[in-house]
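From these two lone chains plus the hints, build me the complex, please.
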Amino acid sequence: MKQLFVFIKKEFAHVLRDRKTLLILFGLPIVQILIFGFALTNEVKNSKIVIFDQAKDVSSLKLISKIETSRYFEIDKMLQHNQEVEEAFKTGKIKMAVIFPENFNHDLLHTNKATIQIISDATDPNTATMLNNYVTAIIGDYQAQLNKNFEVPYRIVPEVKMLYNPQLKGVHNFVPGVMAMVLMLVCVMMTAISIVREKETGTMEVLLVSPFKPLLVIVAKTIPYLILSLMNIVIILILSVFVLELPVNGNLFLLFAESTLFIITSLSLGMFISIQTETQQTAMLISLVGMFLPTLLLSGFMFPIENMPKPLQIVSNIVPAKWFYIIIKSIMIKGLGFAAIWKQTFILAGITTFFILISIKKFKIRLA
Amino acid sequence: MPMLDINDNIKWTSEKEMNPSLMVNAALSAEISIQVKNLVKVYGKDKTIAVDDVSFNVGKGELFGLIGPDGAGKTSIFRMLTTLLLPEGGSATVNGNDVVKDYKKIRKSVGYMPGKFSLYQDLSIEENLNFFATIFGTTLEENYDLIRDIYIQIEPFKKRRAGKLSGGMKQKLALCCALIHKPTVLFLDEPTTGVDPVSRREFWEMLKRLKAQNITILVSTPYMDEANMCDRIALIQKGKILSIDTPAEIINAYPDILYKIKADNIYHLYLHLNEFQYTKSCFAFGEMLHVSFTKNMEEVQSELLNYLNQRGHQNVSMDLVIPTIEDCFIKLLSN
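Chains A and B, in that order, are what the protein sequence lines are.
The numbering used here applies: residue 1 is where the first sequence begins, and numbers increase by one.
The numbering used here applies: residue 1 is where the second sequence begins, and numbers increase by one.
To be clear, the hints were calculated from the coordinates, so they are not data collected in a lab.
Check each hint, because a few of them may be wrong.
What the hints assert, rightly or not - Heads up, simulated DSSO-like pairs for lysine-lysine below, C-alpha to C-alpha not over 27 Å straight-line:
hint, chain 1, residue 1, chain 2, residue 2
1, A, K362, B, K108
2, A, K213, B, K104
3, A, K213, B, K108
4, B, K101, A, K362
5, A, K364, B, K37
6, A, K364, B, K116
7, B, K108, A, K361
8, B, K182, A, K213
Chain B extracted, bound-state conformation (with noise of 0.2 Å):
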């Protein structure tokens, strides 16, 4: 695919957030948690560009998400953000601290969870709450109000090591051990990789509870269906925002007709629409095709029915569908 499509694809979608009116909570933005500025990191010697000129704002309270697949450069702006990483270009500030001079008083007010389970898996769930609760001198009492929600689903296990605990009780126990200190800013790599989709619903429901203490939340996930949940989201691959916006007006800005269409061999289907000259995409989603045409439908319905019926498809069925993040992130990645 042609680079250059991308880039205007960026030009296109920094010039839609700086129209204020488009974003969400308008009247939340007017302060920001979060600046991100034409961040570039850059590893090891052979220059492997992981994040390539990145710039986003989160504002306060905002739950924002950075969406894409493994490897997209994720929890690399995470940890520059964490002041973990130096960044090679550009800059970034958090709650107005640079990452770069102000890194103490950055890892003293924000919430940071690794996308790996970063705790100590030889003390208990009550033990880790308490050291890292006294690391940043409060207490577990203190702040209680705050994880209750989430502690009260673990406190029964609380003598139990952490290494012994669930995909999903983990999970909760990290984000307590994140927000113990009531931080200001939450960043959450990954938190919902590796647990199962029911933990995963929750931990959403829990994010959504902190988002109303006013807490900022940075979220990053390789799952598309979860993006929903942010209020806005970045789509980012190689390193590469592809769009920032919210997940609704992301789904608006789809400029096609979207159809689903099975038949009983999916995969000659696949075959055969890809084939068929009025097709514009055509992508497996799940057990369904996810068609669009250069046509309207009208126009090329009976001819796609012929065409269908002499390669001998059987129980064709065919529908209108909504498009998905998905959708949209697969139809970015081919412009």
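Chain A on its own, in the form it takes in the complex (with noise of 0.2 Å):
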């Protein structure tokens, strides 16, 4: 027991003294969360916009006015020249042209049937979906404004509500994406660096040389790097409540447990690739490729997993950071508790369990 403490002691003692590695502990996170929270965004918001109206009368004004006043569009320009559509598109900065014909109001009360015309610039195409999607929304409703005065026989309208995350934002979205990368990230690549590191000093050589236990040196080495991550849970949390103002819906307690449960997840793989690879070069790589790559593409946080191909979505299934992924959004978000996530708990606790027997078992009592 003694033999323990003495050993976490000098695992502090190598985390606090590397000015790099309490950078990377500390200011990864909170580097994301801010980066995540007020840089990169999938919301779209003031896209630049020009007008062609030619028929600048009483509907197309007040329809130009609409657009101008919703938060998804700025209006850069209005164009006096069809030429200058396509110029002001060349420019890139233009999300979409809006271009009224001539005698619009005219053929809406007269025919019944007016056009407007929308160009969108579809290189992202998510990004022209959504405008055109929020223009559409724009002149419809103008549409029902002018059809107040007349009985339409049947009429289906939807009551929409959005669940969670009624304001549709984004963070909503990332927070449990950037824990679980950041957990990821830390526990797996600092935990397979530190075991390495003492294959590389030489000092593991010294250590066999005495009589330790494997065991003795996993729970060691995790120890100090389970209660950095529970630290970073606490910051990257306070973060997210107090400047990107999400709140924690569900049971803290809870999230702090299944927290615990993912960072111990993380030890063992780091632990398992640190006892596989022989450099610490091979080590951060194997971490970084290995395990940050298939967390940021494969746990469903960039991208759906239900829009991936059948083997993909198989191979979603063992990436770790997929469960925490769901776990954490069914508690911070949804509010819900155990019972619905038990599931993932479980399935959490089976890889962790894996891997730290692995590790044991394949723990080099020897040099070679």
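Encoded structure:
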């Protein structure tokens, strides 16, 4: 027991005395949360558009002012000539052009039918589709206003409610994602490096010629990172609640318990990597390529798993971050209890046990 | 050189070793600490033989040296004896425990200092010592007596991190860490490599004091001059042991009379002496040449001086010299 304690103390000293490690450990999560919170977002806001209004009548002006006041659009320029439309797109700043034909109001009132041409820059298909939907919605809205005075025979009005995230904020999606990513990165990489470093500097040689047990090393190596990672979670949560204004809807205790489980999963993965590799560089590379990328791509955080081809969907099942992402979203955003996530918890626990057992078994008691 | 000769040599030395009258500490050798029998270590796919059929015994309380150049297989032997590597052939015991089967027992009872400085650079002297003491289930205070002489020299810097110590201090710290649990056998792999001459001498003095406490010490070094500090040495080259004996006996066994010869142009002297018809061997040794002849000095002296005079050598001086371990090593290699 005393051996374990002194070993843990030593591990803490390694981490706390190395400024670079500390910076990665605590700088990384903060930077990631802030970058994802403020800089990187897939929400469409204030897209620049141009308008070519050939009608300049009541209806066209009303529609233009409706578009202008929406938070999705910002009118960059009112065009005077047809040729200007293409030029505007060529600058690359313009996402969409809205063109009203002559006699727009006249056609609308007298022939009951008018057209608006909408040209979108579809280099980014998602944004183009989204902007189209927004502008169509605005036009539909205006149309409904016009029809208010007439009785329309059949009418279906969808009552939409955005559950868990009524304002459709991107924060809800990425905070759990960043948590999974940061824990994965910090825990896997740090532990992977910490055992390999002992091999590389030769201290493992001295350690091996002593009565210590492999389990002791594994436990002693993981505990400091477990504690530091829990501190990381606290920092991430404080940042997301106070800076990004994302409330934690579920049970905080459950959130921490599940995070602890995921941290242990990551630590056991890191341990497994470090036992299989010989240099810090390989350990780092494997952690990055083998852990970080799958976490980013296959956890459902960046890209929905349901849209992936079947084989990738199957592969995604062995990515621990996928399960943790579901768990955290359920607790933080949906406010669900353990009953909703026991299955994911069970899978994570299984992966963890597997890697801990294999790490103990594969621990090299000799140099080669 | 014909390989057969070297093989003969090994037979010769092992016969000699079995003869107890030739051992210095005949009384001590009654109890064997380290026993190595036909040990073989092979590395990699290309089957590089690092240790080739090596056998030797180290008695309890003996200071035994493995002397040989880099790449002779010293570290491989150390790693097999400290249970870090598995031998491909032969067997070895430490304190009667087999290095393969009873590795756990060996790891508890020996102290090991690898060739490369292998302590935690970011921990202080004190922290390193306490860490290793605790790992071995003891404390710094408990075995302080054993390391006091050594520790006292680095104690003023005990708060300093190991990475910031000088080579000599690192060595002392590493020795302290290897001794902290009062091992019965101490393995020191090239402990004086990269250490200044004063610290090296101090280090060997420390080893002598440890030996007085009945600790068996197996030490390796590439420095031939350190061989004299050992009770017995094994000269080793390319994984094979050339000779095992006390340093004095190895020197005694040197078959030729050796002269040191010097002149103004040492390079030409070397070339000319090698061409001289009665030269048996001639090699550079510091700023001198160590030369032996096929005939007695009385017979060749005048001829030799003539020979050198004819070739214009100035200030030729010649003296008898007692062979060193290095001379013996070179001799064994050329056999």
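A quick look at each hint next to the structure:
At roughly 22 Å between alpha-carbon atoms, K362 of chain A and K108 of chain B fall within 27 Å of each other, so this suggested pair holds. In summary, the hint linking K213 of chain A to K104 of chain B is supported, as the alpha carbons are separated by about 10 Å, within the 27 Å threshold. With a CA separation close to 12 Å, the supplied pair K213 of chain A and K108 of chain B stays within the 27 Å bound. Distance check on the hinted pair: K101 of chain B and K362 of chain A sit about 18 Å apart at the alpha-carbon level, within 27 Å; holds.
Restraint check for K364 of chain A and K37 of chain B: the C-alpha separation of about 26 Å stays at or below 27 Å, so the hint holds. Simply put, K364 of chain A and K116 of chain B have alpha-carbon atoms about 20 Å apart, close enough for the 27 Å limit, and the pair holds. Restraint check for K108 of chain B and K361 of chain A: the C-alpha separation of about 21 Å stays at or below 27 Å, so the hint holds. Distance restraint check for K182 of chain B and K213 of chain A: the Cα-Cα separation of roughly 20 Å lies within the 27 Å cut-off, and the hinted pair is therefore satisfied.
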